[in-house]
Amino acid sequence: MSDITSKIAVRPSLGALANPTRFLNLVRILLPWLWVVTIALFIAGLWLSFAAPEDYQQGRTVRIMFIHVPSVWVAMFAYMVMVSSALGVLVWRHPLADVAARAAAPLGAAFTFLGLITGSIWGKPMWGTWWVWDARLTSFLVLLIIYLGLIALWRAIEEPAAAARPAAVFILIGAINVPIIKFSVDWWNTLHQPASVFRADGPTLSPEFLWPLMVMALAYSMLFLTLHLMTMRNEILRRRIRSLQITTARRAERGQVE
Amino acid sequence: MHLVVTDLSAIRGGEVIFSGLSFRINEGEALIITGHNGSGKSTLLRVIAGLLTPATGEVCLNGKPEGASPDFDDRKFYEHCHYLGHENAMKPALSVEENLRFWRAMDDEPHLEIPEALEMVGLPALAHVPFGHLSTGQKRRISIARLLVSWRPVWLLDEPTAGLDTGSERQFAELMKIHLEDGGIILAATHIPLGLKNTQSLVMNTATMVDETQ
Amino acid sequence: MIALFLRDVRLSWRAGGGALTGVMFFLAVVMVVPFGVGPDLNLLARIGPAMLWLGALLASLLGLDRLFQADREDGSLDILLMNGTPMAAIVFIKCAAHWVTTGLPLVIAAPLFGLFMNMPPLAIAATMATLVAGTPAITFVGAVGAAVTVALPRGGLLLAILVLPWTIPVLIFGVSAAYGAVEDPAPFTEPFIVLVAISLFFAVIGSLGAGAVLRHSDH
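Protein chains in written order, with numbering that gives the first Met the number 0: chain A, 0 to 257; chain B, 0 to 213; chain C, 0 to 218.
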């Protein structure tokens, strides 16, 4: 019996993490370390990127890949975070799930925007145009619109609890777009090059490009994780301020009666 | 300063709401308007507020109120009025203080400071709370505080105590008394006995004037 | 009056405000064009300025129905009408705040959408300039429509129908000035000056008209 109790006390379960206060404490401890790791990874990644040889076809512009591809991956990863959070809202009604979804949206939008911008800058010297309406680019632009639509939806509904479920349903419907982005290069004849890293037959990218790309991808993912925890913290604090304001109003009422 | 209404009538949707209404209210006096629902209390107040056009008659303010600006005579009557309608004229997304500060800046004759006004309506702690988070009674009291943050000699009050509990009603009656003592004029459509001296009453059902000046 | 401007700007950025929606609608309109006409880059570059203008026009009309409606619903409009300030001035300030929060973001987003339409830099710059000069006209003429439909429950669509004829000259001169900058024989300066004149004209007429409508509608 005592054995079980001590186990619970030592290892906080997922349920315990659901407690926003405990979550805030955890974030406070983790954040400095996460920043150290993120910055270290970025230094390493950028150094490797510039140390990588020039491509025989693309020349120096190939280095844009090291900031473009990770942005795109993280933009899609952020959406997957939102999808799992949406399931958390709808299925498990987890108290932090809606906070996680809401906090991921502006970050996802920012990384999507970064992916579009870096892609444009890469496309100009390679394709001779900033933008083409091919399946990959268009479906990725749709991702940006979905993110912005979600942000607008959350902003339009003042009560956070009331916005959680409609937003979760919208997130799940929007998830259809993610596989479309991934496989658009295979399904349609696009100007955008096909996948060269995550393929069934292994990466076709040569190791001198693959290594910096992987380190940069890790750096981007850590950056997303760090920022996501920070925005979640802000969102929790924002909701606390809101409920404190409501309590203040109620308490003022009671004071009047007495 | 006194308020004179002569031969005022209003027609809404082809129907005569009231007609031939004349009365005079002096400085420091209140007019309590009563009558059943739909008897035209709100219409009368909105006509006096300049929000509806009267079919006949006119409303005018004679004499210069104390502390009025030199261009007093050029101003329209309703510019000397505070109007408290059924709605509170506040934005739910803005804080109580932001709302009051806005109205204080728009009406160019500042009166009480915002903390003072909130103290007067008994809600000093709510300055930073968004208006939308308040209860119905609190919202009403904040819009009463709007009457205090800028000076208007005439108060036009349409069911001012709607949503207020008895304690707040008493408090509001006290504020009205202070306004009358400061030389203001009040026209209020209400069924609540406000315990004010110097009141006349107007029963809208028959549209006749009953003088109860003491 | 600065207080009114600041209040309206602040409200549009607070929760429930619609500052973001206009730009997103603009983006959505620009995005469906290639699906409608096909992704031919040369064609898109040619129709680009016109499409940006159409998108900006529709996005500008979108939020206009709330210009006075929100103030009417919560009773603020009554208090504003009783204010000593002329109603035309209040309408002007509200329109200015509305343009800064919805029109200006459209102008800022326009170059980005210009890239989607494969427009050359000069065409993008010219379109942006015409949007700066022309979109205030849409806001001001829309204010009259917003004042007329203020008491209607679904006034948004009616407003667009009422206002659309008045926006046609704005569209004509806006688009022709934008094309004038890129296509050689066509002039830029003349239509641009006319566009500015239309905006100034509507700023006066729209403010006075909407002010008069609000003052005399016995709502």
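None of these hints come from the bench; they were simulated from the model. Treat the hints loosely; a few may be bogus.
So the derived label-pair ranges between C-beta atoms look like this [to be verified]:
| no. | chain 1 | residue 1 | chain 2 | residue 2 | range |
| --- | --- | --- | --- | --- | --- |
| 1 | C | V31 | A | F112 | 35 to 43 Å |
| 2 | A | L30 | B | A126 | 30 to 38 Å |
| 3 | A | R92 | B | F76 | 29 to 37 Å |
| 4 | B | N61 | C | L151 | 51 to 59 Å |
| 5 | A | I175 | C | V203 | 44 to 52 Å |
| 6 | B | A126 | C | V203 | 36 to 44 Å |
| 7 | C | L151 | A | Q57 | 31 to 39 Å |
| 8 | C | V36 | B | D107 | 30 to 38 Å |
| 9 | B | A126 | C | P85 | 29 to 37 Å |
| 10 | B | K75 | C | L103 | 48 to 56 Å |
| 11 | C | L40 | A | Y55 | 24 to 32 Å |
| 12 | C | P38 | A | A174 | 47 to 55 Å |
| 13 | A | R92 | C | V31 | 56 to 64 Å |
To give an idea of the chain B side of the interface with chain C (calculated C-beta under 10 Å), a few residues [unchecked claim]:
| no. | residue |
| --- | --- |
| 14 | P91 |
| 15 | W150 |
| 16 | E168 |
| 17 | R169 |
| 18 | Q199 |
Here are some chain B residues the structure puts well away from chain C; computed CB gaps all over 12 Å [as the list claims (entries may be wrong)]:
| no. | residue |
| --- | --- |
| 19 | G49 |
| 20 | L50 |
| 21 | T55 |
| 22 | L83 |
| 23 | G84 |
| 24 | H110 |
| 25 | G182 |
Here a beta-carbon is modelled for each residue, glycine too, at the ideal position from N, C-alpha and C.
Here is how each hint holds up against the structure:
1. C/V31 with A/F112: 35 to 43 Å: violated, 20 Å
2. A/L30 with B/A126: 30 to 38 Å: holds, 33 Å
3. A/R92 with B/F76: 29 to 37 Å: violated, 58 Å
4. B/N61 with C/L151: 51 to 59 Å: Taking Cβ atoms as reference, B/N61 and C/L151 lie about 40 Å apart, which means the hint is violated.
5. A/I175 with C/V203: 44 to 52 Å: holds, 50 Å
6. B/A126 with C/V203: 36 to 44 Å: Since B/A126 and C/V203 have Cβ atoms about 40 Å apart, the given range 36 to 44 Å holds.
7. C/L151 with A/Q57: 31 to 39 Å: Given about 59 Å between the Cβ atoms, the range is violated.
8. C/V36 with B/D107: 30 to 38 Å: violated, 55 Å
9. B/A126 with C/P85: 29 to 37 Å: holds, 32 Å
10. B/K75 with C/L103: 48 to 56 Å: violated, 35 Å
11. C/L40 with A/Y55: 24 to 32 Å: This hint holds: roughly 28 Å between Cβ atoms.
12. C/P38 with A/A174: 47 to 55 Å: This hint is violated: roughly 25 Å between Cβ atoms.
13. A/R92 with C/V31: 56 to 64 Å: violated, 37 Å
14. P91: holds, 8 Å
15. W150: Violated - the Cβ of B/W150 stays beyond 10 Å from chain C, reaching only about 13 Å at its closest.
16. E168: violated, 21 Å
17. R169: violated, 25 Å
18. Q199: Not OK, violated: B/Q199 not within 10 Å of chain C, min 23 Å.
19. G49: Violated, since 6 Å does not exceed 12 Å.
20. L50: With a cut-off of 12 Å, B/L50 comes too close to chain C, as the shortest Cβ separation is near 6 Å.
21. T55: holds, 16 Å
22. L83: Nearest chain C Cβ is 9 Å from B/L83, so the label is violated.
23. G84: Nearest chain C Cβ is 5 Å from B/G84, so the label is violated.
24. H110: holds, 15 Å
25. G182: About 20 Å separates B/G182 from the closest Cβ of chain C, which puts it past 12 Å; holds.
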